[in-house]
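Residue numbers (my numbering), protein chains in the order written: chain A, 1 to 402; chain B, 1 to 402.
Wrong hints could be hidden among the right ones.
Stated by the list, open to error - Part of the chain B face toward chain A, derived, beta carbon under 7 Å: (1) MET165; (2) LEU181; (3) ALA192; (4) SER312; (5) ALA313; (6) PRO337; (7) ASP340.
Calculated directly from the structure, the hints in this document are not laboratory data.
Note that the coordinates shown come from a computational prediction; the quantities given were computed from them, not determined experimentally.
Built from N, CA and C at the ideal position, the CB exists for glycine as well.
Listed below are the residues making up each chain.
Number of protein chains: 2
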Amino acid sequence: MLAGDPVLVDVVPAAQAIPTLGEHTILHAGPPIEWARMCGPMRGAVMGIAVFEGWAPDLATAGSMADGGEFSFHPNHHFNAVGPMTGLTTLSQPVLVVENRTFGNRAYCTINEGLGKVMRFGGNDKEVLDRLAWLRDVLGPAMGATLREMGGMALKSTVAQGLTMGDEMHQRNVACSGLTLRELAPVMAGNANDSAALAEMLTFIGGNHQFFLNIAMALGKALMDPVRDIDGSSVVTAMSRNGTDFGIRVSGTGDTWFVAPVEQPEGLYFPGFTEADANPDMGDSTIIETIGLGGFAMAAAPAVAGFVGAGSASEAANFTRAMGEITVAENPEWTIPALDYQGVPAAIDIRLVVETGRTPTINTGIAHREQGVGQVGAGVVRAPMDCFEQALVSFAESLGVA
Amino acid sequence: MLAGDPVLVDVVPAAQAIPTLGEHTILHAGPPIEWARMCGPMRGAVMGIAVFEGWAPDLATAGSMADGGEFSFHPNHHFNAVGPMTGLTTLSQPVLVVENRTFGNRAYCTINEGLGKVMRFGGNDKEVLDRLAWLRDVLGPAMGATLREMGGMALKSTVAQGLTMGDEMHQRNVACSGLTLRELAPVMAGNANDSAALAEMLTFIGGNHQFFLNIAMALGKALMDPVRDIDGSSVVTAMSRNGTDFGIRVSGTGDTWFVAPVEQPEGLYFPGFTEADANPDMGDSTIIETIGLGGFAMAAAPAVAGFVGAGSASEAANFTRAMGEITVAENPEWTIPALDYQGVPAAIDIRLVVETGRTPTINTGIAHREQGVGQVGAGVVRAPMDCFEQALVSFAESLGVA
Numbered sequence: 001m002l003a004g005d006p007v008l009v010d011v012v013p014a015a016q017a018i019p020t021l022g023e024h025t026i027l028h029a030g031p032p033i034e035w036a037r038m039c040g041p042m043r044g045a046v047m048g049i050a051v052f053e054g055w056a057p058d059l060a061t062a063g064s065m066a067d068g069g070e071f072s073f074h075p076n077h078h079f080n081a082v083g084p085m086t087g088l089t090t091l092s093q094p095v096l097v098v099e100n101r102t103f104g105n106r107a108y109c110t111i112n113e114g115l116g117k118v119m120r121f122g123g124n125d126k127e128v129l130d131r132l133a134w135l136r137d138v139l140g141p142a143m144g145a146t147l148r149e150m151g152g153m154a155l156k157s158t159v160a161q162g163l164t165m166g167d168e169m170h171q172r173n174v175a176c177s178g179l180t181l182r183e184l185a186p187v188m189a190g191n192a193n194d195s196a197a198l199a200e201m202l203t204f205i206g207g208n209h210q211f212f213l214n215i216a217m218a219l220g221k222a223l224m225d226p227v228r229d230i231d232g233s234s235v236v237t238a239m240s241r242n243g244t245d246f247g248i249r250v251s252g253t254g255d256t257w258f259v260a261p262v263e264q265p266e267g268l269y270f271p272g273f274t275e276a277d278a279n280p281d282m283g284d285s286t287i288i289e290t291i292g293l294g295g296f297a298m299a300a301a302p303a304v305a306g307f308v309g310a311g312s313a314s315e316a317a318n319f320t321r322a323m324g325e326i327t328v329a330e331n332p333e334w335t336i337p338a339l340d341y342q343g344v345p346a347a348i349d350i351r352l353v354v355e356t357g358r359t360p361t362i363n364t365g366i367a368h369r370e371q372g373v374g375q376v377g378a379g380v381v382r383a384p385m386d387c388f389e390q391a392l393v394s395f396a397e398s399l400g401v402a
Numbered sequence: 001m002l003a004g005d006p007v008l009v010d011v012v013p014a015a016q017a018i019p020t021l022g023e024h025t026i027l028h029a030g031p032p033i034e035w036a037r038m039c040g041p042m043r044g045a046v047m048g049i050a051v052f053e054g055w056a057p058d059l060a061t062a063g064s065m066a067d068g069g070e071f072s073f074h075p076n077h078h079f080n081a082v083g084p085m086t087g088l089t090t091l092s093q094p095v096l097v098v099e100n101r102t103f104g105n106r107a108y109c110t111i112n113e114g115l116g117k118v119m120r121f122g123g124n125d126k127e128v129l130d131r132l133a134w135l136r137d138v139l140g141p142a143m144g145a146t147l148r149e150m151g152g153m154a155l156k157s158t159v160a161q162g163l164t165m166g167d168e169m170h171q172r173n174v175a176c177s178g179l180t181l182r183e184l185a186p187v188m189a190g191n192a193n194d195s196a197a198l199a200e201m202l203t204f205i206g207g208n209h210q211f212f213l214n215i216a217m218a219l220g221k222a223l224m225d226p227v228r229d230i231d232g233s234s235v236v237t238a239m240s241r242n243g244t245d246f247g248i249r250v251s252g253t254g255d256t257w258f259v260a261p262v263e264q265p266e267g268l269y270f271p272g273f274t275e276a277d278a279n280p281d282m283g284d285s286t287i288i289e290t291i292g293l294g295g296f297a298m299a300a301a302p303a304v305a306g307f308v309g310a311g312s313a314s315e316a317a318n319f320t321r322a323m324g325e326i327t328v329a330e331n332p333e334w335t336i337p338a339l340d341y342q343g344v345p346a347a348i349d350i351r352l353v354v355e356t357g358r359t360p361t362i363n364t365g366i367a368h369r370e371q372g373v374g375q376v377g378a379g380v381v382r383a384p385m386d387c388f389e390q391a392l393v394s395f396a397e398s399l400g401v402a
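In isolation and in its complexed conformation, chain A is listed as follows (with noise of 0.2 Å):
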């Protein structure tokens, strides 16, 4: 996990990056799920989606093709890939790719799609159609091209430079995607001939403070998946919820999900909601979390905090000390200064999550309830402890000792 080396090097169509991803088929961020068992904003991501690739006219239609099973759902953790909240990955929409040049092994994540109305928050009408058509035929291609003609942008160190700069890369990402646009924009720049579309272009990845989230998160990917299979390994290589499960993933017990409820997150909401508004969980972007990031990373980013409703800024390093309970290691290269850079805590343990009672410690962007609304605040949320408690019993007997 430490010595993976995560390399930016492309951006494609996500039917390129995985072949087998055909017409009607519909990756989703957590565990399995199926169509009647999905959440409001993923319900109506599902529908957008549909109208988005053409497979239906309109979201009335979309949804009763839904209902009468005519689409196909798997994990995006099944084929490589992440997504953030309702996570949805289909054959024409621009993916990010991730090699981990150590490994040789890539991982895929769509692009972010910045703030306000957007499909991974359950949005589906269209507005965010046409952002999506726009990151297809625009930004995709022109991101693409950059990162080849770069040979890739090494992420190692944009992380390293995010966590000096108050980034923990989950609900903070201001730093690492302003890094990305100052490496991005020259060759951008060089290969334009449309000025107005380059400006456009800057806007949209100058503006959105999230936008590396969806970078890491394939970093993230690519980082975990070596460590998948190691026998007798009790770390965890995958956290990740559909909205309706929580599901976490071991080394040693290969790729069988444990899955437990979701739970709800508690934090701070936009003006006008309030938690009868939120949704439960969402997203696969807890391989933030997986990789020691995000909440695990909190002392990086007071300012998160404060945003997720965690605490004062001299509080944010108890999150990351407590996950320093049930990690067993620091990563050496990603350091937090305010803890005269002690490493983040990397690699979550299940023997020390059920021994000390501590569950890992996840920030995280709550979506509306229902379809299409959006975010409506951000929290912090707790991995269940069954799946953990389930996890160790199934890596017990795998191991003859249960």
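Got chain A; can you put chain B on it based on the hints?
What follows is chain B alone, placed relative to chain A:
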């Protein structure tokens, strides 16, 4: 001082900003100084700028002209301007224009040249002069047009964000330089008709972590100038060094400079250099500390504490706390996350400096003592106590209490 509203509004040739700036007139950093007493790097810069302006055909002739008294030298501070290190301002150089919208005054500073061989550290060869020509002919006009189209860029909020991202605005401007690029790039792209030139400009800004330093300096000058000449005010309005002398100005004593020999920074040296190579402290950039940033905001920038050799990250807060003892306010709009959002210590009071025996801590670059070499390190330096003692006596005399 706290009410000021600094906005970067334009980039124009210095002769346009400062109409009294004529041929053979050279503005420099620090209090007044004649050619005979100038240090090596400032002499090197003077010779270089004379060639750049076309006043001399080569460096040797420029030196002879300086010996012959053919140049007229004045402090930047006498012309609403500031300049880093040697700090030379001459008529054809482009200057950043910061307007304090609360009080209507304007302040000027040249554009940061980047790292490596640069005139502010005494460089004067073809590489240095070619870069100055590019700033004059390409980047300066493009930035000016961009800022006029944007209606200016508000700087108070940029600094506030920078403080949450590890900048102290003197030796670290990584975040603010990135935030500036993010605001300028889309507009520059929209105006561009030469994609190669645009790419070169974005590469220059994006590749220079100290790009924002000169903007912050003009901001500092724009904030402090309205504080000048307040009867009975013992607040420091300027601190500055010319490489030979350190000078301060105090509000209640008008534009008098209180001067003492400048001190030697203590710091870390780049590979191959030692303290024996170091020029004494130099530049108008101490305007940064005068407004409560730089060494005063060290707690916001633990990475700087390491860079300037001032101890571990956790010790950075000690610098900020100590500066709180010699200032009369905290800035409620510029706050430090690691101190639970305490404001930076603002408004140095000469009475508190003399009473506590603590002089201001300044984070500074270190120039080679010989002309033409450049930066050799970075460190911390103290303002000489003698300046404050002289100022206090004069201040007391002005009030009839000495």
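The hints, checked one at a time:
1. MET165: The hint holds - MET165 (chain B) has a Cβ within 7 Å of chain A, the shortest such distance being about 4 Å.
2. LEU181: holds (6 Å)
3. ALA192: Holds, about 5 Å.
4. SER312: Holds, about 5 Å.
5. ALA313: Given a least distance of 5 Å, the restraint on ALA313 (chain B) holds.
6. PRO337: holds (4 Å)
7. ASP340: holds (5 Å)
Hint compliance for this structure: every hint is met.
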